[in-house]
Amino acid sequence: MDVICTNDKFPAPVLAFYAEFGITTPKKDQLYTIRQVKRHTTGETGVLLNEIQNPDVPVKHPIMGEVWFEPTFNINRFATLMGQPVRAEELADVNV
2 MDVICTNDKF PAPVLAFYAE FGITTPKKDQ LYTIRQVKRH TTGETGVLLN
52 EIQNPDVPVK HPIMGEVWFE PTFNINRFAT LMGQPVRAEE LADVNV
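In our numbering, the protein residues as written are 2 to 97.
The hints are simulated quantities; they were obtained by calculation from the structure and are not laboratory data. Using N, Cα and C, we set each Cβ at its ideal position, and we do this for glycine too. Errors might be hidden in some of the hints.
Calculated cross-link-like contacts (lysine-lysine; reagent style BS3-like; alpha-carbon spacing at most 27 Å) [said to hold, decoys possible]:
(1) 61 / 10
(2) 28 / 10
(3) 29 / 10
(4) 29 / 39
(5) 39 / 28
(6) 39 / 10
(7) 61 / 39
Here are the in silico distance ranges between beta carbons for each label pair [unchecked claim]:
(8) 61 / 11: 31 to 41 Å
(9) 80 / 44: 14 to 24 Å
(10) 69 / 43: 15 to 25 Å
(11) 30 / 63: 16 to 26 Å
(12) 69 / 45: 14 to 24 Å
(13) 86 / 39: 32 to 42 Å
(14) 84 / 61: 28 to 38 Å
(15) 11 / 86: 26 to 36 Å
Using the sequences and the accompanying hints, generate a full structural model.
Okay, structure coming up:
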């Protein structure tokens, strides 16, 4: 599924963390293709993009301790090609 980044602003601590691990972030007004959808335990939906392949980073997990995985970007940072918010049913066709 193709999407456009509408929000490329990240908090300074997040950018510092990303810089430490060489993470590339999406840029506003750029076109991306969602390669995978991840549902988080917090209820948030994150996506991985074909155009950005990042290394795994350490994340604290409440049960498993420290785990490493590729960071996702919140779906709310993106819009459809028509400029509309991405709906959950549109993500159903993307590999979960």
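Hints, verified against the model:
no. : hint                : in the structure
1   : 61 / 10             : holds (23 Å)
2   : 28 / 10             : holds (9 Å)
3   : 29 / 10             : holds (9 Å)
4   : 29 / 39             : holds (21 Å)
5   : 39 / 28             : holds (20 Å)
6   : 39 / 10             : holds (21 Å)
7   : 61 / 39             : holds (17 Å)
8   : 61 / 11: 31 to 41 Å : violated (19 Å)
9   : 80 / 44: 14 to 24 Å : holds (20 Å)
10  : 69 / 43: 15 to 25 Å : holds (19 Å)
11  : 30 / 63: 16 to 26 Å : violated (36 Å)
12  : 69 / 45: 14 to 24 Å : holds (19 Å)
13  : 86 / 39: 32 to 42 Å : violated (18 Å)
14  : 84 / 61: 28 to 38 Å : holds (36 Å)
15  : 11 / 86: 26 to 36 Å : violated (19 Å)
When each numbered hint is compared with the structure, violations occur for hints 8, 11, 13, 15.
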